[in-house]
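Chains as they are written, first to last, in the numbering used here: chain D, 3 to 87; chain E, -3 to 161.
Keep in mind the hints are simulated off the structure, nothing from the lab.
Bear in mind the structure is a predicted one, so any value in this text is a computation, not a measurement.
It is possible that part of the hints are untrue.
Claimed, not checked - BS3-like mimics (lysine-lysine), calculated; alpha carbons at most 30 Å apart, straight line:
1. K26(D) with K154(E)
2. K135(E) with K58(D)
3. K64(D) with K115(E)
4. K106(E) with K42(D)
5. K26(D) with K106(E)
6. K106(E) with K84(D)
7. K26(D) with K6(E)
8. K106(E) with K48(D)
9. K39(D) with K6(E)
10. K58(D) with K106(E)
11. K29(D) with K154(E)
12. K39(D) with K115(E)
13. K106(E) with K27(D)
14. K58(D) with K115(E)
15. K6(E) with K115(E)
16. K64(D) with K106(E)
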Amino acid sequence: MKSFEYTITDPVGIHARPAGILVKKIKEFASTVTVIKGEKEVNALKLMALMGMGIKQGDTVKVTVEGADEDTAAAAIEEFFKANL
Amino acid sequence: MGLFDRFRSKEISGNEPGHVFQAVSVIRCAAGTVLQPVKGAVIPREAIPDETFASGMLGDGVGIVPEDELVVAPFDGDVSSVAESRHAVGIESNGMELLIHVGVDTVNMKGSGFTCLVKEGDKVRTGQPLIRFDRARIKAAGYSDIVAVLLTNSDDLKDVQCGVS
Chain D
3 MKSFEYTITD PVGIHARPAG ILVKKIKEFA STVTVIKGEK EVNALKLMAL MGMGIKQGDT
63 VKVTVEGADE DTAAAAIEEF FKANL
Chain E
-3 MGLFDRFRSK EISGNEPGHV FQAVSVIRCA AGTVLQPVKG AVIPREAIPD ETFASGMLGD
57 GVGIVPEDEL VVAPFDGDVS SVAESRHAVG IESNGMELLI HVGVDTVNMK GSGFTCLVKE
117 GDKVRTGQPL IRFDRARIKA AGYSDIVAVL LTNSDDLKDV QCGVS
């Protein structure tokens, strides 16, 4: 399992558009991606659950990536967070 | 098959006097039927003026050009998420995960012009008011007020049909 932490810089946090783009990105990989904020964790493919976490600017989330392609997936997804969130 | 599979439309009266309209079904699938959650003309998903919605990235569904300022529950279900900026709500029922998103880029209004009438975890009945919105304020902010109604897990659902039947 790979993981990284990221602090959201997007002023509106993880809302519909970035969540949708994130789900699309994750679907390129076989690994399971989990987004964790405090006590809450969701499978990042579950769009509604992800949006329901209410992740805002300044929040730090932990992202775990687990699966056969976790090395490439984790790198790509971390890159996505930096570029879009 | 849910009860609403028998309906092509249903009179929605909400809980508010004077708020009555004939809601047509806008999405149908094996798991159930989604009635239109706001009064107005139903347009294809592809015609929603936002690439994220139009492309289907957030799931299949329709757009509605609102003629009113009240979003009501399109089926009996559970409120799964409420956007902090009060412009969007998620409802679930029988495996259907539905996103109702009022306007395009309205997240930037940070809740101004929107009143959310439910909270996460609430059970709602068809026609129950969910979000009240101010079309004039959305227009003044320079955004489209088209309401996106999308089954975010449409890929996992069977026999999804969108549009007015």
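How the hints compare with the structure:
no. : hint                : verdict
1   : K26(D) with K154(E) : holds, 20 Å
2   : K135(E) with K58(D) : holds, 25 Å
3   : K64(D) with K115(E) : holds, 26 Å
4   : K106(E) with K42(D) : holds, 23 Å
5   : K26(D) with K106(E) : holds, 25 Å
6   : K106(E) with K84(D) : holds, 23 Å
7   : K26(D) with K6(E)   : violated, 35 Å
8   : K106(E) with K48(D) : holds, 24 Å
9   : K39(D) with K6(E)   : violated, 41 Å
10  : K58(D) with K106(E) : holds, 12 Å
11  : K29(D) with K154(E) : holds, 20 Å
12  : K39(D) with K115(E) : holds, 20 Å
13  : K106(E) with K27(D) : holds, 26 Å
14  : K58(D) with K115(E) : holds, 18 Å
15  : K6(E) with K115(E)  : holds, 25 Å
16  : K64(D) with K106(E) : holds, 25 Å
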